[in-house]
Amino acid sequence: MDFQLSEEQRLLQQTVREFADRECKPLAAQWDRDARVPDDDVVRKMLGMGLVGMCLPQQYGGGGQDLLTAIICIEQLARISPLCAAPVFESNVGPVRVIEHFGTPEQRQRFIPRVCRGEMQISVGMTEAEAGSALTDLRTRAVKVDGGWRLSGRKVFCTGGGHSEAYMVYCRFNDVAGAKGIGALVVEKGTPGFSFGKQEQFMGMRGFPSCDLIFEDCLIPDENLVVAAGGFGSLMQCFDVERCGNATMALGIATGALEVAAAYAMERQTFKKPIAERQAIQMMIADMATRVDAARLLVYRAAVGSQSGFPSIRESSMAKVFANETAKAVTDMAMEILGGYGYTAEFPIERMLRDSRGWPLAGGTLQIQKILIAATVFGRTFDQRK
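According to my numbering, the residues represented by the sequence shown are 162 to 547, in order.
Calculated directly from the structure, the hints in this document are not laboratory data.
From a predicted model like this one, the values you see are computed outputs, not experimental measurements.
Some clues are possibly wrong.
Quick list of in silico lysine-lysine cross-link-like pairs, DSS-like style, CA-CA up to 25 Å [claimed, not checked]:
no.	residue 1	residue 2
1	341	305
2	186	206
3	531	547
4	341	547
5	489	531
6	305	350
7	489	186
Here are the computed distance ranges between Cβ atoms for each label pair [stated by the list, open to error]:
no.	residue 1	residue 2	range
8	326	430	50 to 60 Å
9	427	540	47 to 57 Å
10	196	430	29 to 39 Å
Just so you know, even glycine gets a beta-carbon here, dropped at the ideal spot from N, CA and C.
Construct all of the structure, not just a fragment, from the sequences and the given hints.
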């Protein structure tokens, strides 16, 4: 197994790293304080670098790159702030991939070029108040009518809610029970009967728009049906790609925290010596570095394994679990190394620690991921309802 990046990937990695340090690092704290998305100027520069839609097909304006190349870029941006990585994340591992893989040629032509040009962001509407981990219990309902589908229901914790121009909405068609009734419709902002709840205020991940999606007898045309009833398995295959992205966001946070802690340890002195000379600090840094590298290998393995289609549920879930837990542990240790300064907003560690807590909750909880992993070990699924 070859873990080496190609020369082109290494050059791109360095270019994106320098871009993040130059363009995003001076603004990241302000974006967090203001709870707002990155400036349009920064996004335009990402578009100019070809980072937006870099995994999408070239025939639709994308870069035609593999998933690993996008993961490398997301990691370098997320080490400064997940907000910096959001445009690259959404356009490469988000629900637009559902359209790429399962949409009609007309849908691909209609939506993907707009994503690649930065004119449209597509978010996912999955979670409901009583259907998060038990997603097959969702109640948002689409009933067939002349010319389309009448959609009713409510989604919660929609990242991108109110900001994105379109939403991939998981719904139940014609009251068919269980996974067999679930498919997906694209619902565009401005559709009559479609509205947004209040914006959530989170502990971390400030600047990521998030709110409820409310559907009150929305008429969705037939041409917006992307995955028909019974396509739940296909939707979750695509979601394994998004899990890789989630893991990479956590990996980026952990990488950034390690870099900040190591630099601080070289500068901060006690008894006329840098604290990096102290064995207690060395042990912590070694532990942090080992965890970060292990998380990176799991994420890269899942991404490379996707080249023949999608990441396996086992590899993407392992990557998510370990990277999420690593981000929490590494940011916590970084705060200990920085001491009181780490607890202040003057340094980025307190923001990184807050951000690290959000990713384990998004994209499927760690407990659910572990149940999925266990199922692959035992070679059978376990009915959690019994």
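Check your understanding: Is the straight-line distance between the alpha-carbon of residue 489 and that of residue 186 25 Å or less?
Key -> holds (21 Å)
Practice item. For the pair we were handed, residue 341 and residue 305, check the Cα-Cα distance against 25 Å. Key: holds (16 Å)
Review point. Are the Cα atoms of residue 489 and residue 531 separated by 25 Å or less?
Key: Holds: residue 489 and residue 531 sit about 17 Å apart, inside 25 Å.
Check your understanding: Would you say the C-beta atoms of residue 196 and residue 430 sit inside 29 to 39 Å of each other?
Key -> holds (36 Å)
**Study point:** Hint consistency between residue 186 and residue 206 [alpha-carbon to alpha-carbon, up to 25 Å]
**Key:** holds (15 Å)
Point to revise | Range hint 50 to 60 Å (beta carbons of residue 326 and residue 430) holds or violated | key: The hinted range 50 to 60 Å holds for residue 326 and residue 430, with Cβ atoms some 52 Å apart.
Practice item. Mind checking the alpha carbons of residue 305 and residue 350 for me, to see if they're no more than 25 Å apart? Key: holds (21 Å)
Review point. Is residue 341 within 25 Å of residue 547, Cα to Cα?
Key: holds (20 Å)
Review point. Regarding residue 427 and residue 540, is the given constraint of 47 to 57 Å on their beta-carbon distance met?
Key: holds (49 Å)
Practice item. Mind checking the alpha carbons of residue 531 and residue 547 for me, to see if they're no more than 25 Å apart? Key: With Cα atoms ~18 Å apart, residue 531 and residue 547 stay inside 25 Å; holds.
Going through the hint list in order, the structure satisfies each hint without exception.
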